[in-house]
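**Q** Letter by letter, the chains look like this.
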Amino acid sequence: MLKKILFLMVFLFTFNLLYAKDLNVGFVYVGPVGDGGWTYAHDLGRQEMAKLPFVKKTQYIESVPEGADATRVITNLAQKGYNLIFTTSFGYMDPTIEVAKKFKNVVFMHCSGYKTADNVGNYFGRMYQARYLSGIIAGSMTKSNIIGYVAAHPIPEVIRGINAFTLGVRSVNPKAVVKVVWTNTWFDPATERNAADSLLDVGADLLTMHQDTPATLQAAEKRGKFVIGYNSDMRKYAPNGFLTAPVWNWGVLYKEIATQVSNGTWKPSSIWWGLDKGIIDLAPLSPKIPSEIVKKVELEKRDIISGKNKIFVGPLKDNSGKIVVPARKVMSDQELLSMNFFVEGVQGTIKK
Amino acid sequence: MLDIIIDTTIRAGTPILYATIGAIIMEKSGIINLGIEGLMLIGALSGFYFTFITNSLLIGFLAAILLSAAAGSIHGILTTYLKANQIVSGLALTMFGTGITAMLGKSMVGENIRGLERINTVKDIPFLSPVLNQDIMVYISILLLLLIHFFLYRTTIGLNLRTVGENPYAADNAGINVHLYRLFAVVIGSGIVGLGGAYLSLVYTPLWIENMSAGRGWIAVALVIFSNWDVRKALIGSYLFGGIAANQLRLQAMGTNIPVQILQSLPYLFTILVLIISSLKNDSTKQNQPESLGNPYDREDRV
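These protein sequence lines map, in sequence, to chains L and C. full-length UniProt numbering puts the first sequence at residues 1 to 352. full-length UniProt numbering puts the second sequence at residues 1 to 303.
No lab work stands behind these hints: they were computed from the structure. Predicted model, so just to flag it, every value in this text is computed and none were measured. A hint or two may mislead.
Facing chain L, according to a computed beta carbon distance under 10 Å, are these residues of chain C, among others [said to hold, decoys possible]: (1) 12; (2) 130; (3) 158; (4) 159; (5) 256.
Virtual Cβ for every residue (Gly too), placed ideally from N, Cα, C.
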């Protein structure tokens, strides 16, 4: 009898080992967890994942520069026995692939890149869907029909966001224009503040931004204008003017990946989740938004989730009036990822 | 429109002006300080922190002066009494300032304070209203500039300080305490640099985020050379750099077709131009650079 019990225990133990592998999870962050933006959002996701029973330990290394330093940090995590490692900035792509070659039994997940390997997958979110929804709110709330957009760098990710936002604006208010000012920096509160102020000075009565600091929100609040944030719920910087913010909710994805790795079903792939999975969303809407607009946003959200509204659907004109996407054609993910034109309604320039 | 441009220029130039004035005082005594960026951050964080806990902007600004002066004194002592390499020590100060403010400032990220407001003296007078409706710190920066100029060129202590920067051996022979003068210049200068940082976190964008000076300290280091070690020219340099960097955003908002990159490189092109012109003049009396800038002083050295 005792033998049987012992056998059973050993069996259960190995079963457990095989089928619910304990995880030590490492994270590499590009900024400080206190940035209130990009890295902060990732860290909220980490904390959510850490509550899973088979996640024994999580560890993050913050403010890791992209490049050679990243290789060292990732290698170090792998050596220390972390068997699932998330690297959360575009510039970590090649270091991640390189380190992954040496640690075949570790699973690596890289955020916002495009490369995969036997033990490397990548992931990102369709932030443009939330941008579109925030555009509907902006288009409905503007009175001057001029909306200001403080944008960091002219890269596809940012351009896609501006375009989706503008399509949202124009879906409810075809007369409104979106003025774009490039700051050419992710992170410089004074410059962002200046950009925001100059947009307000040319008549914008609503601002949004793709930056890592809340300076734009402060600028709008100061002048009593509305503002839509980004990354995380930034309403404390603009208690009166804050309408909403497209936000990241990485916890959903981190829990799913950890579960897959733990039970052995994980396969390398490129994940690009959207509103349907809840990885992106809008921060709770301000009570200042009229209820019919709230309802409209909810309906649109349902259509995006069901796939009825794919947002980037032809006919799409660029901002010089030329048709770039013919009628009824849906832009492919590949095209979305390399987007380099402004849609009609955007006032600004992209250097080609 | 012009009014707005003048207004933007003054506001964007002021933090750089403080930092440049501070750096000039130090260099006049013969000490190069590459730690300006770090000092600005220390000023920005201490200003924000003390305003946040005491609710008084005055205490915030004072704390910014005191704490960055204290941090600057490390550089001062190292480069005078301990004869350390000024470049290395200055760079270390920037790294120290960036690191320590990031660490100590964590709890301040996301906090709110009421920033310094403008004074509204006149309404809608072209050219005058943007000049007269600034915040008090703008006027203090101009006052400080005049005061420092007077101090350097019209007082004995100022003369002594310049002598220490030009020829510390002669100064020592004349009974001037070289190390003490240099330390004094670095401490005072660092305090003024700290005010530049505090201007960012208490006036311009009233918030704290690590590394929020975003390279303005380095611009100040370059502006010292641009202004030929003359605090009056520092005003022109700061407004020029701050103004162009800020107003190119305005041009974008207005919808010009000039590429952003060209606009953003304008201040740098201008610097090169000024350097070429000043070197063409080639008049040694016009060269204001302190003769012994960057050299540690040791009484027992052979000259």
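**Q** Now tell me, hint by hint, if it's right for this structure.
**A** Structure-based check of all given hints:
| no. | hint | verdict |
| --- | --- | --- |
| 1 | 12 | holds (6 Å) |
| 2 | 130 | violated (12 Å) |
| 3 | 158 | violated (32 Å) |
| 4 | 159 | violated (37 Å) |
| 5 | 256 | holds (9 Å) |
When the structure is compared with the earlier hints, violations turn up for hints 2, 3, 4 and for no others.
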